[in-house]
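Given next are the chains, with one letter for each unit.
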Amino acid sequence: METITAQQAMEAANQAAFLTNNLWILIATVLVFVMHLGFSALEAGFVQRKNTVNILFKNAMIIAIGLLTYCLVGFNLMYPGADFAGKFFGFGGFGLNPSEADLTSAYGNYTYWADFIFQGMFAATAATIVSGAVAERIKLGPFLLIATLLVAICYPITGMWKWGGGWLDAMGFYDFAGSTLVHAMGGAAALAVVIVLGPRIGKYTESGIKPIPGHNMPLAAIGVFLLWFGWFGFNGGSVLSADAASVSLVFVTTSLAAAAGAVGAFIVSYLKFKSHDLSMVLNGILGGLVGITAGADQMGPTSAILIGFIAGMIIPFSVIFFDKIKIDDPVGATSVHLVCGIWGTLAVGIFGKMAGMGQLLTQLIGTLSVCAFTFTFAFGVAFLIKKAVGIRVSEEEEERGLDVSEHGASAYQDMENIAYNFSVK
Amino acid sequence: METITAQQAMEAANQAAFLTNNLWILIATVLVFVMHLGFSALEAGFVQRKNTVNILFKNAMIIAIGLLTYCLVGFNLMYPGADFAGKFFGFGGFGLNPSEADLTSAYGNYTYWADFIFQGMFAATAATIVSGAVAERIKLGPFLLIATLLVAICYPITGMWKWGGGWLDAMGFYDFAGSTLVHAMGGAAALAVVIVLGPRIGKYTESGIKPIPGHNMPLAAIGVFLLWFGWFGFNGGSVLSADAASVSLVFVTTSLAAAAGAVGAFIVSYLKFKSHDLSMVLNGILGGLVGITAGADQMGPTSAILIGFIAGMIIPFSVIFFDKIKIDDPVGATSVHLVCGIWGTLAVGIFGKMAGMGQLLTQLIGTLSVCAFTFTFAFGVAFLIKKAVGIRVSEEEEERGLDVSEHGASAYQDMENIAYNFSVK
Amino acid sequence: METITAQQAMEAANQAAFLTNNLWILIATVLVFVMHLGFSALEAGFVQRKNTVNILFKNAMIIAIGLLTYCLVGFNLMYPGADFAGKFFGFGGFGLNPSEADLTSAYGNYTYWADFIFQGMFAATAATIVSGAVAERIKLGPFLLIATLLVAICYPITGMWKWGGGWLDAMGFYDFAGSTLVHAMGGAAALAVVIVLGPRIGKYTESGIKPIPGHNMPLAAIGVFLLWFGWFGFNGGSVLSADAASVSLVFVTTSLAAAAGAVGAFIVSYLKFKSHDLSMVLNGILGGLVGITAGADQMGPTSAILIGFIAGMIIPFSVIFFDKIKIDDPVGATSVHLVCGIWGTLAVGIFGKMAGMGQLLTQLIGTLSVCAFTFTFAFGVAFLIKKAVGIRVSEEEEERGLDVSEHGASAYQDMENIAYNFSVK
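Chains as they are written, first to last, in my numbering: chain X, 1 to 425; chain L, 1 to 425; chain Y, 1 to 425.
I should point out that these hints are in silico values taken from the structure, not numbers from a laboratory. Just so you know, not all the hints are guaranteed correct.
Unchecked claim - Below, in silico cross-link-like pairs of lysine-lysine (DSS-like), each with a Cα-Cα straight-line distance of 30 Å or less:
id, chain 1, residue 1, chain 2, residue 2
1, X, K386, Y, K386
2, L, K274, X, K274
3, L, K272, Y, K326
4, Y, K272, L, K274
5, L, K272, L, K353
6, Y, K210, Y, K87
7, L, K386, X, K274
8, L, K210, X, K272
9, L, K353, L, K274
Stated by the list, open to error - Taking CB as the label site, the calculated pair distances span:
id, chain 1, residue 1, chain 2, residue 2, range
10, X, A372, L, I153, 18 to 28 Å
11, Y, E399, X, P211, 52 to 62 Å
12, Y, E395, L, F273, 17 to 27 Å
13, Y, G356, X, A372, 20 to 30 Å
14, Y, L364, X, Q15, 33 to 43 Å
15, Y, I267, L, F321, 17 to 27 Å
Stated by the list, open to error - Some residues of chain Y that are not near chain X, with every Cβ distance over 12 Å (derived):
id, residue
16, V73
17, W231
18, G284
We put the beta carbon where it would ideally sit given N, CA and C, even for glycine.
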């Protein structure tokens, strides 16, 4: 029998740790995947019944197109490696082209394939943020084109600035899991497209702002719970290993911020509207989650609670503000992702281990740069599409609902019959 | 190059095992989190349409308040450590105050933070059990106050009796994952509040007991599947490590008991009602899960099947019994959690490795003590609230539905319009 | 202090790796469990409102009966071990009877109990495939009998041919995670029962084929997302360890095939119907997932995309084909599971590491053998039941809906009231 050396035993121990680290990245991938279901359910619940099939269709296509385009170009734009890489832009080639070394050895704490699929799931979430904000009046084709360009080009470029070792990384900008790089980015794109698109018919009338409530609150609540569920992978996986201390802390800060976000939104919306508004509380949870994302590994529990609480309090004010300036966002995506994303990014300079005036300034520069680039990109694309082929369905189609006009279908066929029979009597 | 010693290799191997153990506690936390979504969906499905927003709102707030109060006091009440600890009551201080040793070294098989977040998710489930039983007529504010006090004070105290090393632990009481400490406890609290509250208007009439069916059975079914899903973490995580033999066995016993619970409820409800009652089968699954929870690590597959089967058979009898004595529980929470929780606790003394007359007696003492303490606590709190500010909405509000009266909203806006237009014609 | 030897350190390292491997099989079990919820939601969404309780009831009972019968006989039929094992049939006894060696030592990369529960969850999915295809007109009792016999006897026998070391395994047939052994098998059984059963009333009329749209598209979409979610465990767990390279690759191929399936179905259904058909895209995702399942560990990303894309393109053609020959399958289960299952099995001989004429032929023999055996088994059972006690509800019951006739219930009670009140006016 061969004698085992301590060196061999150490290698086996390292291999066992690698197995666990890689497994966590894969499980985190599964959790981030669920966020796509969460967004689908949330957005479907918050739109009117007549636009439900449309929103589900868009969300199913986004995850599909997102993964394929991220495979084709996005991954190599975001992590260009040595190939053509600058601090602002670089490109490592088309498709997935792992080198021998990538495949046979550990790629950090995980494999090349695990890295791709985790990052790909992340990338597709950015486009999903847009779909809710532009719901109920955007044409399907233009929307899919915008979403594709966002995932394939815009998101990887700004993502590379920090996570691919670009200029924001070099200047000390910190964004742990993407308050800016995913959420503010997606929110800025949403805002740009909403401006090009204009509000829904009947939303802002001479007699005031008309609320257009969602058609299925259980669906919306399921969506928010599933998003929180997925966020354990979104933030927890961003540790990029199963490191016990870091992942555990991230779970605590993420959960406490979400909980505090609910309470913050509850209090402010009760004081402002004297009613218990479920959609505010749900968006408060999301605001808390977005807010903690930039610094989830840098905070203690008290800071996490404060960050989430403030994010939750921001939500009702922000929703009202956007309505006042006639930015019509049916699901509140700009408030949740853009506003709380900026807040969370700045919070890294205010709370926790990295707090400091210098850091705060760096955070401000970083988040504004990403938002400005994304807004410009998305505005440009949406504007060109509007001029070229039109971006919005006709008034008649909008009033009839996109389910019939774009899909020739209805989400609840039997109920449609009841409603129809009723209206003709 | 430094030479690696066997000692160093052993430490690396232990560290790798620690990584996996900690990761499992975190993943189990995520699964237990999903139970809150499961409860939300189940309860929303089992109530009338007009109370849907209300039940979703309560469930979203419970998880938020539950985590925050468990952070503030609950965790330190339940695991008081050396500070001020008696066998009946102890308190380790406010907030999360890990010592240096807690943070820098392994805390058992996992970190201090993993311990907190896993236990916190558990704690919040106990309050969720109450929300279904008291649905459709409790005021929102009083409910939230009761839920808060349960999570913050009552649950940690009785939990400490066993899991914090208190008097029940000292006398040999066994409750692996909480048939008593979570489920019977939550069920006893539910029963107390239901008694203070009284039945829904129109439930018990002179002409007999009127069934008030739930408004959305797919939602209820989704809830039960998600609860089973989460139970893998609830029971599996209670091993407190990823120990291969124990966690695997727990998965088998948990699943077989759930399956047998469905069959038990199916058979009894078919024999009694000559119909295939979905809500009985769904509650049978839950009954089986609650029943196996106390001894999931102590049973072989046959015992697990028997425990679950009996729990499932109990459900229809228990539901009918509570209706006969005019305890109005819209979702059957007392039958599932209180009755099957007590059954499961006793089953540890009847089946499996610990079976024996002495153990059975200990189990009886343990479960009755926890139930009695909790019932008294919850009854007292609910009674005081009732006297001070009232606990129940007005008759008019109840008939109109809590969605409108408490939230000024409706869960399915479009459908509301159909119903409204119909009623005015 | 004892000195630690390198041998001891190596054993500890191996034990740590075993812990992770076993944990992954258990987590994969949890994910496969979610597929039962996915099927429930998908099928409930695709049937008419009046048959919703029925489909939920069947799915809840299938997972229960499936696990119990797999425990009683299935597991020992599929993996007979040394007892009475031939290449075509073998049986290792009733119940779970682990030997001392099974329990005390590692059973491959996981425990005996982990093996059982993972395989049991798999087994139950095969029966679930049938329930959608036969929905809206099959009697409950006969259905449950057919499902039980499929899980208890048919699935383990054909499964043993490959995974239990039977004749297909000996001849080099490859089916990584069950394109044939689970999906084509379930689809072939579905086809057989559908033929015995006949189409729904009013589906194929003299004036043409009448579409009968599903009643709840968000439910169907949730189902598909959850199935994809579960597929990470279905395919990822089939690696039978947490091997970093294999599981990571399987995650990538599985996701890319699902994404390409959506795009393939999107394109073909748009070209054929000039509309954006959500149900086609959802089934395209499932087709891609079924297609990649046989070779998920053998493909690079490009092959995976091609396999999924072709599977997605097959879906609309297949759905139309089955409608033309008057095979009435309300959810498209035969197209998704049978047709794409065969395609995916053949694809192992066309793409990836094992491609070759000989392999293609072996794949063809394997998939046709399993389909032929299963079809014959299911047809025989269904035919005998039809002759003995009848398999189909009466015309009146079918038109009224199975919820009322089999369960005396309705899935959406309040809505029922609206519809009823409307119809009597």
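>> Are any of the numbered hints broken by this structure? If so, which, sorted upward?
In response: Hints 1, 2, 3, 4, 5, 6, 8, 9, 10, 11, 13, 15, 17 and 18 contradicted; others consistent.
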